[in-house]
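S.K.: Read off the chains here:
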Amino acid sequence: MIRICLALVAFALLARLPVGFDVGFQFDAALAVIWGFGLLSLVLLTGYVGQVSLCQATFAGVGAYAAGMMFSTFHVDYGVAIAVGVLAAFTLGLVVGLPALRLYGITLAIVTLGIALVFDRYVFQDHIFEWFTGGSGGWRVEGATLFGLRMDSSRHLLAAYLVLLVLFCLVGLLMVNLHESGAGRRFRAIRDSELAAATVGVNLTRYKLLAFGLSAAIAGLGGSFYPLVAGSVSPQPFWVFTSLQFAAIVVLMGVRYVPAAALGGAFMSFVPDVLTRFGHGTLFNRYSYDISYDWFQIAVGVLLIVQLILLPDGVWGDLRGRVVNARSAMRGFASRRVKVA
Amino acid sequence: MTMLRVRDVSVRFGGIVALDGVSLDLNRGEILGLIGPNGAGKTTLFNCISGVITPERGSIFFDRRSLKFAPPHERARMGIARTFQNLQLWGSMTVQENLTVPMDALGGRNTFSDALHLPFSAYAERASSERARAILHALDLGRHAGTLAADLPAGVQRRVEIARALAMKPSLLLLDEPAAGLDGPETSHLGELLRAVRERFHVSMLLVDHDMSLVMRVCDYVYVLDFGKVLAKGRPAAIRDDPKVIAAYLGEESKEQPAKPQATRTIAARDEHPLLEVKNLAAGYGRLEVIRDVNLFVRPGEVVACIGANGAGKTTTLRAISGMIRPRQGRVTFGGQDITASSPERISRLGLAHIPEGRGLFPRLSVEDTLRLVSNTTGRQADIAEAYQHFPKLRERRRQAVGTLSGGEQQMVALARAILARPRLVMVDEMSQGLAPTVVHQLFEILRVFRDQGIAVLLVEQFVEAALDVADRAYVFGHGAIGHQGSAAEIRADRKLVSGSYLGTAVDAVGAPAANGNGHRIDHALMEVVSVKVPANLKRALEERAETEGRSAGAVVMDLLEEVKR
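So the sequences go chain by chain: S and Y.
Residues are numbered in our numbering as their position in the first sequence, beginning at 1, plus a constant of 15.
Residues are numbered in our numbering as their position in the second sequence, beginning at 1, plus a constant of 158.
Once the Cα atoms are required to be at most 25 Å apart in a straight line, the calculated SDA-like pairs of lysine to any residue come out as: (1) Y/387 x Y/402; (2) Y/327 x S/222; (3) Y/551 x Y/518; (4) Y/226 x S/222; (5) Y/226 x S/210; (6) Y/226 x Y/179; (7) Y/226 x S/113; (8) Y/226 x S/221; (9) Y/437 x Y/503; (10) Y/391 x Y/175; (11) Y/437 x Y/643; (12) Y/226 x S/209; (13) Y/226 x S/117; (14) Y/327 x S/209; (15) Y/327 x S/219.
Treat the hints as calculated values from the structure; they're not laboratory data.
With the hints as constraints, model all of the structure from the sequences given.
M.R.: Put into structure tokens, the structure is as follows:
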């Protein structure tokens, strides 16, 4: 009961937080959840099933493009567009999962990186597909409605943010459930020893494909909100480097934990913006400094090294471990006192 | 009734024939043993049956159905379960979760209903955790149910693997070296356990193990593989005395007597200070402690052989000496210097060369480059011509990449490389592995070259007879410790001791009392099972009766059943 109340309070706080800030920050908040979905997809794929993927941003991108096109071409309700986006990402996920049936580790990483590159350079940006994808400029998406409610990028940004937040909590909850359930155990069995999993009757083909499909669908769900939030579709947010950043940040935050995805999403969207906004000035009115977006990349790299040495289970994982330890220590302390008394 | 029929199965890896027309029958309710020296193809046959690899030729039938096109998970559903030699538990899950995975996998559960935690999933969840608990109790693992599998000691992990296999409700259980890494009493306990498991879970078993004491005690029938072929089959007692089998394990009994000067050398060497001295050495991998309390020494210019069954800890001892793994306990001194836990390169610079199992060569380098490399690593110009003098065959092959040479020639390269580094002691691990007997003979001749150069040799060898021919002294390993030691002649004379260390006669005597001691625990597990069906007061009465009559509870139950029948 206390837990549910705490969760509700936390949710209300998160939902109200961006109110009153300027549009830039509100956009960051919505983007944080979208990136959070991307990271969540990696928690499922890498954290649960142990498969490597460096093309999660591509899945998000496919979701965004499919949803955006659905809306711009057919002017359907945006809910339908989202469904189509998720479906498109799911399908691509199944296709990408096929090589994963035979490949492991570094080779799989390179194959998925190749897929990310192909989509970035030759699908989203290429001139040949410009009639289809709008080329490197993309196109604008305006006046979308979700279930009859206007969710426009400029004035109704917070509504979109709220929907995103609810969905994120829902998917996160499902994933926590999945972890403890039979299918989750089969996923984890594949992560720990594929050989043993196969010999106790786990259908590797089915579960690996399912993992890739589900993971892509989660990333695509986040991505399909992008046109709504940004008011346009363009290739830049879904380029190769975003995929790499997903991988780096999810490891940084703790690849096996759902809340780490939320943490990572916020980190990924707010920190660069804060840096570019407040990154110029002077220190003690003396030394002028200029911190740009590039510093974010460097910071991620350095933090990753520090984390791998100091917090091998990721920021969230380590935090959680400490809380659990402290709690059991307190419980032990309490029971000892009772015995003495 | 024949449950598993293997017919004419052949498997090749590249040029190596791992299995060559193997046929095998396993009857329902039988525990079938599969033994043979290293590289005989036992694990390969296992992998064929469980579907991890596909045989090139031949067929496998299970319950009259062909397994030709069944992927591993299909076979699991048909009722073939297996354990793994190198423990393959899911370390990040608890023991109980490890058991529920196979149950769910068989139950055809739905991922989406699982994620939503629908009533159906919740019910299935409860059912499988209930069954998991029952199996864990039966195997005396109840108190480990909530522990992460990775945190358990290896001996318990082995039992959890068996429990996990049983969770699939199998009719055939494939056990791949379940006794690896266990000591004497643990092994005999395992033997009891396997027999109890067969009775309780109605499974047949195919058992591969190097520990002959276990195989001889547990199995109803034994197949012996050698070089990928069935060498012999029969009842355990017959197999133990089969000269063919003994020869396959120990090599041919050699006729020639050791040369005289050797004996005098040994006597001369006896007064010298030991070059290598190992005291109370313990080492292992992860949670597995492989060797404990190993003491041995090598004098300068002496050839010492380490013999004993596979998994007895010979290789681990060499690795701990040369610094490839960190010893957990004990001291290693070499030439008066303490080298315990030093880095391997420092140890090799002191003049201790280690030729590991698999020879440790660089397959793409040519012979000449491999030998030249010695000058780089030792910092001293080594004369390659000298190596060619000892091994004329290598001169012809000097431009060839090492990887393309035959196994025997590769071993020559490894030996030549060791000689060029001018070590004071060479440790050779399984020099003859996978080589034909004639080649092995040549290689042992070469070891005499080492002796002539005044280089001491510590030898780990499967071909016991050949090893004892060249050796001055020998240590016999068993269960991670040294069982016997003595001069090569003494050890060789005690042929029963040697063949016992490989085929299990010697260990039997040690194992017997421990087996009795463990009998009680099995009964305890039986009572747990009984308690599921029988009211508590009845169970109590049973226990009391067993107590007063001084018999096992199982025997009392059998008596009662007889009475009921009458």
